[in-house]
Every structure is written in C-alpha cells, then in structure tokens.
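Counting in UniProt numbering, the sequence shown runs from 1 upward without gaps.
Worth double-checking, as some hints may not be accurate.
[As the list claims (entries may be wrong)] Derived DEER-like restraints, expressed as beta-carbon distance ranges:
(1) E208 / L626: 49 to 57 angstroms
(2) G487 / E375: 20 to 28 angstroms
(3) K205 / G487: 55 to 63 angstroms
(4) K546 / E378: 18 to 26 angstroms
(5) D49 / A25: 15 to 23 angstroms
(6) D532 / A182: 39 to 47 angstroms
(7) V173 / G473: 48 to 56 angstroms
(8) P355 / E433: 46 to 54 angstroms
(9) R34 / D580: 49 to 57 angstroms
(10) N549 / K605: 32 to 40 angstroms
Note that these hints are calculated values from the structure, not bench results. Just so we're clear, the structure is a prediction, and the values are computed from it rather than from any experiment. Yeah, the Cβ is synthetic: ideal placement off N, Cα and C, and Gly gets one too.
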Amino acid sequence: MTTYAEIYAGWKADPEAFWMEAAEAVDWIEKPTRALDDSAAPFYRWFADGVCNTCWNAVDRHVEAGRGNQPAIIHDSPITGTKHVVTYAELRDRVASLAGALKAKGVAKGDRVIIYMPMVPEAVEAMLACARIGAIHSVVFGGFAAHELAVRIDDATPKAIIAASCGLEPGRVVHYKPLIDAAIEQSKHKPDFCVILQREQEVAKMIEGRDFDWHGFQYGVEPAACEPVGGADPLYILYTSGTTGQPKGVLRPNAGHMVALLWTMRNIYDIAPGEVFWAASDVGWVVGHSYIVYAPLLLGATTIVFEGKPVGTPDAGTFWRVISEHGVKALFTAPTAFRAIKRDDPKGEYVSKYPMPSLKTLFLAGERADPATIEWAEQQLKVPVIDHWWQTETGYAIAANPVGIELMPVKLGSPTVAMPGYDVRILDEAGHEVPRGTLGAIAVKLPLPPGTLPTLWNADDRFKKSYLTTFPGYYETGDAGMMDDDGYLYIMARTDDVINVAGHRLSTGAMEEVLASHPDVAECAVIGVADDLKGQLPMGFLCLNKGCNRPHDEIVKECVKLVRDEIGPVAAFKLATVVDRLPKTRSGKILRATMVKIANGDDVKTPATIDDPVILDEIRGALTGLGYPAAG
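Starting from the given sequences, assemble the full structure and let the hints guide the process.
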C-alpha cells in the first residue's frame, strides 16, 4: 500500500506527472498536453489546452456507463416533511431541459447567471445547467439582503437570475422574491430575465415580461447538449467577504476543479461510486459547491441535499436520522453544527435512537475544531473524526487526514498534514520561516494546485494585493498557526485574531481550546480588545450546555483559572462572560472581528453574512456588563 508520505513526496518530485496522472479520472473532449501553464505567472493556469465539460463529467457520463437508475440526489427536508430521490438519468433530463431553455433565451458560453436558491434539488440542477452550456454561475446564499445581492449583480453583470419564491427556516418563510425585486431595482446592471421556482409555501408575484415560471419556462424547449469549454475557462464565481466591504469574486476554472475534486473524493474522503456522501452545508457556500454538488456527482456517488438544521428540525437527532435512513458513509459538516448538537444533547441520548452501521467517518471544516468537540463526537459516534482545513479560495483541503490513502494518527487540534499540491510554510512578519512549534503566518508556496483560484473576477490587481503581496512567492492564507516536528499543521486563528498582550503574541484559538474543555461550556469565542496598559487583552464569551443551572460567576471563575493554569499568567485572561449565543455567519463562522469592533466602540456595519443581527445587541449588552460602555 502506498503511504501518504510516498504520495506527497511523489507530487513534490514531479508535480506535472502527478497532476497529469490525476487528470486521467476526467472524461476529456480533448486531453491536455500538459498540466501547468506558468507563462503568465502569478496567474497560473492548469490544463489550459484541454477541452472538457463539467456537467458531462458530473451527470451524462454516468448515464452513458449504464448507471442512470442510481440515485444522484437524495433530497431530505425535515422542514417540509418531504423526501425524494433524483436518479442520474432524471438529473440529466432535468438539467438538459433547463439548459436548453436558458440557451433559447440567449444565455451563451461565458455569460453569467446568478442563482439564489434554498436547499432543493433545483438549486443543483441550475448550477449544472449553467455548466452544461458553458455559462458561469454565481450562487448567492438564499435570503441574502437586497443590497448585498445588488452589489453582486453589478459585479457579475448576469444575463439571468434563477431563484425560488421563498426559503424556509424553522417556523418562518423567508421571502426571496421581494429581495430579488429590490436588488434589481437598486442595481445599475439589469438582468434580461428571471426564472422563479414557485414553492407551495409561498407563490411569488411575477413581473410580466421579466419573470418566468420554472416549469413553464422549460415547456416545449429542445434539451441542450454539453458545450465544449476550455480547461481554464471559468465554471463559477463565488463571492467571499472583502475587507473593503466590496465582495471578492473567487473564480473557479473547469478542468483543475474536476481533477482536484475527484482526487479528494477517493484519497481524502474514501468514497467510491455509488456510495452516499453528505456534506451538511448549503449550496451558497464553497462546501456546497465542492461537496454537495460537484465532487460527489463527478465521482458518481450519491449526494444528500438537506433542508434543515442540526437542531430544531425537529431535534438534536436529525443528523443521526438522515445518516441512518439513507446509508451515509461519510458526513462532512462544520464544528459549529456539532457544538449545537452537543449543547442540546450533551449526553448523546439521540445517538442511540438511530442505528448508523453505514457511517465510517466524520469530517469537520469551516472553523477550528476544538478538541472538546472532537472528543465528544468520537465518544458518541465511535468513528474517526477528521478535522481538515481549507478556504473558499482553495475550494478543497489544504491540510487533511487522507483516509483513502491511510488514516494517519489523529492529533487533537490539528487538521493533520498538507495535501499534495500544497507546500505549506510558517512565516514571520518578514517572510522568513520560523522554527517548528513557533506561531506564525501560514502561507503556501506558489504555484497553488489545480482547482484553486487563478485570480478574482475582473480584479487581477486586487487578487495580487489580497493574497500575493505580503509574502512574495507565496499565497497568504490569512491564518496563523504552527507546524510540529511531524509536519502536522495547527491552525490557531485568523492572522488578525493573534493578539499582542504586553508584547506577547498569543493565539485566541488556543484560549478557546482551553475554555471549550470546561464541562459546562458548549461553545465559546475569545477576542482581543484594546487596552491602554497592555495593548490588547483577551475577552471570553461562553455559551453553556442546555440544562446547566450553576451560577454563571462560578463558571466564569473556573474558566479564568483554566486559562491561567493551561496557558499561564502571560495570557492576562480575566475578562469573561456568559452569553446565550454567539454572532455567526450562516455558514457557522463566529464573527469575532465584528465583536472586537463593538468592544472597541468602532462603527459597526452589520455583516451581510450574519445569521441573526439581533445577536449583536445581545453582545453589546454583555460587553456593557463587563465595563465596556463604548459597546453600548
């Protein structure tokens, strides 16, 4: 059996041969003659002279191979109480029909289409229909505010918008259509037309001549064949938050994306064609693009499209029900989902209600996986719990435990080791490598591997400034961490979450790890707040397990002592408070930078990605209680 070390060394010795071999997994219209084109560095292009189609590889080729009756998508919606299966043959017909209708309305190769959908199979079909005809899709998370949608309309200049009439949250309907109408009214660019999937929970009011019903739009139209596209042509634009308030449009090319994702499905996730893979995310985020839609379908696996929440739809056992009913082999979700489940069901009583013999692995990503959450998941599920680390920009794991090659020893707090394609270094502020075990900025030596962003949409200079300027010759990840003597990586915080307390550089992530180990703490966040004497001081926010009725001041004292014992007096950790919940993005990331601004009395613009803006007022109240009047 080939080991990870041998495979990684093989990539490093001959990257060209490594990626050309990986490219054999793709069904090419014209095979590429080489992997990397570095003639325009730092704008690297992979498989640029290859010709391919992502939709063909994700759908048609499986039908052609005689596997049309295999489930491609299992849609499970505890919110509506419905479940249904879409086979590969059905998916091909539905995608070809929508693609034909788009083509008949003038959408052509290279045109942009914005998709604004909830977690329904039609969202996947819309993405694939764009890929089928070479149009570039840009999925915007359903329910995003009208202004933020307008900003994306003006940046992407789409020919069309594909949307649903509404989205569904526990106990409420989210009205999509009024948001779309308001966004188009605000935007300078006006799309030619909109296609609206009318859901029975809310039928939207249509604007004649501009809006078309999903089903009527496709009636009587000739299905579209797959259009050949260049390997380096864009498949999609996915917007990620920018520091200027202007979102950054991450570009994803067709060929490198397919090659990389196919490699990861087998080698990282250990999934084979026909097996069931569940990424419990949303198509609006990069995890949804890579591991709800493209990777499982490219491989010929079955993917789960889940419209629900880890708790509250109806309870903390919903994940276990889905795994049990549908035979899920691997679950991929965010640590925040498991913290929510652990908070509602700390003893794991729901786990025993659902037999899960199919489940072999749990993968976590999206936020740092604290050891307490990993240990709880291991105890409950009795399967390996694998933390791995990646970004919207990379599209797949930078560091992981490659279960399909070998399950390497798990070290709590580490996403394990760098994957082939990523030469990861830990640098100081001057760009020099630091000794093993020392905290520094995490950077990746150029070129980045296939499938990662080659640039930003219509923003080459911003791409260089955002990612390539701080450390010349490297991609700046924006994360801080360290590497141990075995090459295991530790992601401790975003670079701007490393705080300076009286000249000591300290990781807020390390403090969070200690706080999360307290038996009453379900979830926590540590931020650095301005201090006249020490420059910055750490401040902790603690969410407690359900059913915990001990005095809060006792728990706070214990947590302060824990940090002092584990990290030392140098951390100067004295400020902590109990809160009911933390401000998060819809994908589960804690909005630490926003909390810092509130504490420091800075102007705070409510982030477009926030799940519930009301939480910011709760944080202001907690900070005022800690003696930070500026927060109020």
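Taking the hints in turn, this is what the structure says about them:
For E208 paired with L626, a C-beta distance near 56 angstroms keeps the hint of 49 to 57 angstroms intact. Distance hint for G487 and E375: a CB-CB separation of about 23 angstroms, consistent with the stated range 20 to 28 angstroms. Taking the beta carbon of each, K205 and G487 are about 58 angstroms apart, inside 55 to 63 angstroms as hinted. Taking 18 to 26 angstroms as the suggested C-beta distance range, the pair K546 and E378 conforms, at roughly 21 angstroms.
In this structure the supplied range 15 to 23 angstroms holds for D49 paired with A25, their Cβ-Cβ distance being about 18 angstroms. One distance hint, 39 to 47 angstroms for the beta-carbon pair D532 and A182, holds here, with the actual separation near 45 angstroms. For V173 and G473, the hinted distance range of 48 to 56 angstroms is satisfied, since their beta carbons lie about 51 angstroms from each other. Distance hint check: the CB atoms of P355 and E433 are about 49 angstroms apart, consistent with the given range 46 to 54 angstroms.
Between R34 and D580, the C-beta spacing of about 56 angstroms keeps the proposed range 49 to 57 angstroms intact. A C-beta distance of roughly 37 angstroms is found between N549 and K605, which places it inside the suggested range of 32 to 40 angstroms.
Going down the numbered hints, you'll see the structure goes against none, and every one checks out.
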